[in-house]
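Undergrad: As a plain string of letters, each chain reads:
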Amino acid sequence: MTFLIAQTEEPSLWSPEWLPLLPKRLVENLLEHFNAPEWLISLGGTGAGAATVLAVFMTGFALLSLIERKTLARVQNRIGPNRAGWFGILQPVADGIKMLTKEDIVPAKAEKLLHLLAPILIVVPAILALGVLPYGKEWIPVPMELGLLFFFAVGSLTELAVFMAGWASGSKFPMLGAMRAISQMVSYELPLVLSAIAVIMVSGTLSLPDIVSQQGGFHLGFLPAWNILTPWGLVGGLVFFIASIAEANRCPFDLPEGESEIVAGHMTEYSGFKYALFFMGEYLGLFAISGLGVTLFLGGWQAPLPGLDFVPSWIWFFGKLAVIIFFFLWIRATWPRLRMDQLMRFGWLGLIPLSLLTIPAAGIWSLLQRSQHGLLAWLVTVPLLLVPFVIMTVLFNKRLARSNRTYRFAES
Amino acid sequence: MNPLAVLLTLSSVLFALGLFAVLTRRNAILVLVGIELMLNAANLNFIGFWRFGPPDPQLTGPMFVLFGIAIAAAEAAVGLAIILMVFRHTRSTNLNSSDSLHG
Amino acid sequence: MIALLILSPLILLAALGAVWKARPVHAALLLALTLSLGGALYIALGAGFLGLVQFMVYVGAVAVLIVFSLLITRPRDEVEEIARRPKSLLPGLLCTLPLLAVLLYAVGRNVPETTTEAVELPIKRIGELLFTTHAPAVLAIAILLTAVLLGAALFAREPSKKP
Amino acid sequence: MKSDTQSDPRPAPAKSGKWVLPGLGLLQGLAVTGRNLIESFYKKERMTTIQYPEQRAPISPNYRNIPFLCYDDNPEAGLRCTACKICEKSCPPQCIYIVMDRDEHGKVRNRPKVFDIDSSVCMGCGLCAEVCPFDSIYMDGEFELATDDRFDSLQLHLDDLSKSAEYHLQLRPKQATEVLERRKADAEKKAAKAAAKAKADAEKKAKAEAEKKAAAEAESEPEAATEKNENEAPEAKKAEAPQQELKAEQPKEEGGGE
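Chains as they are written, first to last, in the working numbering: chain G, 5 to 416; chain E, 57 to 159; chain C, 350 to 512; chain B, 398 to 655.
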C-alpha cells in the first residue's frame, strides 16, 4: 500500500493543484510498485491521463446538453427538462439510452464504409484537439511544442468528415447540407487561423503552455496581462470567438443543419448511435475551440486577480470555459440564423479584413512594448484598428441598409 | 535494410503511380490527383535526404518542402478553377472532349 | 525505422487505390488518405512541423477542394469513368514502367551511408531561415498565393448575365 | 411570363444619416434575453408553466368533449333520460345507440336499458345536449379518455356515462343552476297541477257521492246515519283522494321506474 502514501519530495498526491493528475500518478506509482518496465509505466501514465481528460469532457458533454436545454428554456421563461431525475439531472442519461436503443438505419444507396467512417472521423479530431490544451499549471495532457499547429491540423479534418457524411448518405439533402457546411467551415477557418497567428507572433511560440505562461503577471497591480486586454487582442479575440461559433456550426451560423431548410443537413441519414456521435463531435469540438480561445486570449489558467494563488489553476480554466460556453448558449437563444450569402459576405468581407488587420497591429504592439514605449503602443495600435473598422462599417451600412428589396409578385 | 533506400523506393513508386494516374485518367480532376501524388513523392525525397543525410544547418530540405507544399496548393487551386471553366464551357470534364482550340 | 516500414506499404496501397479506383470521389478520398499518411511519415521522420503543415494544407484544403470540384462536375462523369478505362491501360504502363526501372536502378546502385541518430526539426531555426535567407522567396510566395486567390475566384465566378 | 418586378411597395427605410454601431441591434437583443433569463429565476409571474399531471389547469366552462347522462339522486331511479331517442336521431355521426327498457310483460318503461356512445366516433358537437327535452344529456369536460385497446373500452356504456347532478353543477355552475331551477319550477308547477287535478277529481267524486246519497235519502234512510258517514265520508273521501292520487301516480311511476 506504499503507493497510496504521498512521497515527500514530489508535491503531495492529494494536493488540489495536482488533483486532475491523480489517476495518472496513481497508475505510475502502482506500476513502479510492481516494478514494471519503464516504457509500460509511461504508457500507463499517459493512458490514465488521457482517460481523465476523456472522463472530464464526457461528463462535460452530458452536462452541457442538459444545461443548454435548461438555459434556452429559462430564456423563454419556461423550465426546461425536469422530469428525468432530480431537476432533470438524468436527462443526458435518458438521451443516451434513447440514442443507443434506436435502430441504426443505413440507407440503401449509402456507401456503407464511408457512412460508418464519417461520424468517427468527426469525433476523433475533437478528442485529439482536447489533448493538446493546457488545463492547469501542471495539468497538460500532451505538452507539445507544436500544440497550436496540431490543433488546427486536426481541426481541419472535420471538413473532410462532414463531406463524407454528406456524400455517403446518397440523398440530396445531406449533399446540400455538406456543401454548405464545408463552404462555411473553410471560409471561417481563415479568420480563425489569422487571429491565432497574431497571438503566435506576439508570444513567439507555437506551444500552448508557453503562450499561457506569457500571459501571467499583472499590469498596474490588478489588470491581468491577458491578450484580450490589449487592443489587437480584443479585436483578434472577438474575431476568434465569432469564427469559432461558425467552426462549431453553432447558432447564428448553423446553416448546415438548419432544421427549417434542409432537414438535418449532413446528419439526415443517421440514426441511433451514429447520430449521437455527431452530437458528441459537435459538443467536444465546441469545448476544444472555446478551450483554445481561453488559452490564446483569456490567459488559460492564469488567475484574474493577483491574490488568488491558493485556488488551483485548472479551476480558472474551466471557469473561463464555462463563461464562454454560456455566451455560446446565450447567442443561440437570441440571434436568428444567417442566410448563406450573408454568412459568406460577413465572413469574407467582415472577419478576414479585421483579422488581417490584427496581425500588423500585434506586430507594432509587441515591438513598442518590448522597447518600453507602453503608451505609444496604445496610441498607435488603437487608431490603426479603429479607423479601418469605422470606415468599413460606414461603407457596409451605406451599401447594405439602403438596398431596397425588389419583390416579384405572382401573376394575378 | 538501409532506411534511406526504403524511403527512396517508396517515393519513386509513388512518383510512378502519380505519372500513371496522369496518363490513364480521363477525368481532368483525377489528373490533378496524380499531380498531387507526384509532388508528394518529391517532398518525401527531400525529407528523406534531410533526415538520413549529413546534418544541415541551412535546412534546405525542409525549406524546399515548405515551399513545395505552398506551390502545390496554389497549383491545385488554379488548376481546379480552369477545369471548372472548361467544364462550364464543354459541360464535361472528359479531357478528350475539349480538344478543339476554337469556341 | 519501424514506423517507416509500417507506413510505406500503407501509403503505397492508398496511392494505388487513388490511382486505380473507378469512382472519382473514392479516388479523391484515397488521395486524402495518402497525403495524411505521408504527413504521419514526416512526423515519424522527425519533421513534425512539416507533417502537420502537410496535414493542414493538403488534407484540410486541397483534398476538400478536389472533392468539392468533383461534386460540382459529377453528374455524368461517374459512369463514363468506369466504362472507358481499360482502353488506355497499355500506353500508360508503357510510359511509367521504364521510368520506374530507371529510378529503382538509381536508388539501388549507390545509396550513401546514413546517420541513424534521431534528428528533430528546430522550428525556431525554420522561422529565422524563412525570414532571413529565404525572405525574397517568402515574399514571392505571398504575392503568388494572393494572385492565385484572386485568379481562381475570378475564373470560377459565374459570368454575370450580360443584358 | 412578364414578371413585373415592382419595387418594394412599403415605404423605403428612413435615410438615417446618423452612423449607428453595426452590432447595436444584436446587443439589444442579447440584453432582452439576458433580462428574461435572470428574471425567470426570481420573478414568479414569468414562470407560467403548469406541471400537468401534478397541477391541473381549470378547464373553461364551455369546453365540451364527450356527453354524459345526468341523474338526480341515485343512478337507478333518478336517471332523467327517458329513452326518447331524439338525441340518437339528431346525432350527426350517429354514435349514440339506445334500447328502450321494457318490464317483464313487455310494457314500455321510459328508461334506457342500453345507452351506448362510441367515444371514438363522437365529435363533441353538443347537438344531443341541445335537443334533449329532459335535460338529461350534457357535454362533459373529461379529456383523459386514452384507453389501452382500440375497440371495446372506447364504447362508453350507461354506467360510464351517467353522472350526478352535483358533478354537473360543479362542472358548469351557470348552466347547472339554470337547469335545476327550471326543473324545480316544473316540478312545482306539475305538483300544483296534479294537486289541482286531484282536488277537481275529489270534488267530482264528492259530487257524485252526494248525488248518490241524495238518491239514497230519497229512499228514506235514517237522517242521522247519513250525516255521520257524510262527515266521515268527506274525511275518508279526502283521505281516499290523496291515496288515490298516490295510487294514480304510483302506477305511472312504477310504470316508468321498472
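No wet-lab data here; the hints were simulated from the structure.
The reader is advised that the hints may include incorrect statements.
[What the hints assert, rightly or not] Think about it this way: if two alpha-carbon atoms lie no more than 25 Å apart in a straight line, the pair counts; the simulated DSS-like pairs of lysine-lysine are:
1) 602/B with 587/B
2) 587/B with 609/B
3) 473/C with 116/G
4) 74/G with 440/B
5) 113/G with 370/C
Undergrad: None of the hints should be skipped; say for each whether it holds.
TA: Hint check results:
no.: 1; hint: 602/B with 587/B; result: holds, 22 Å
no.: 2; hint: 587/B with 609/B; result: violated, 32 Å
no.: 3; hint: 473/C with 116/G; result: violated, 45 Å
no.: 4; hint: 74/G with 440/B; result: holds, 17 Å
no.: 5; hint: 113/G with 370/C; result: holds, 19 Å
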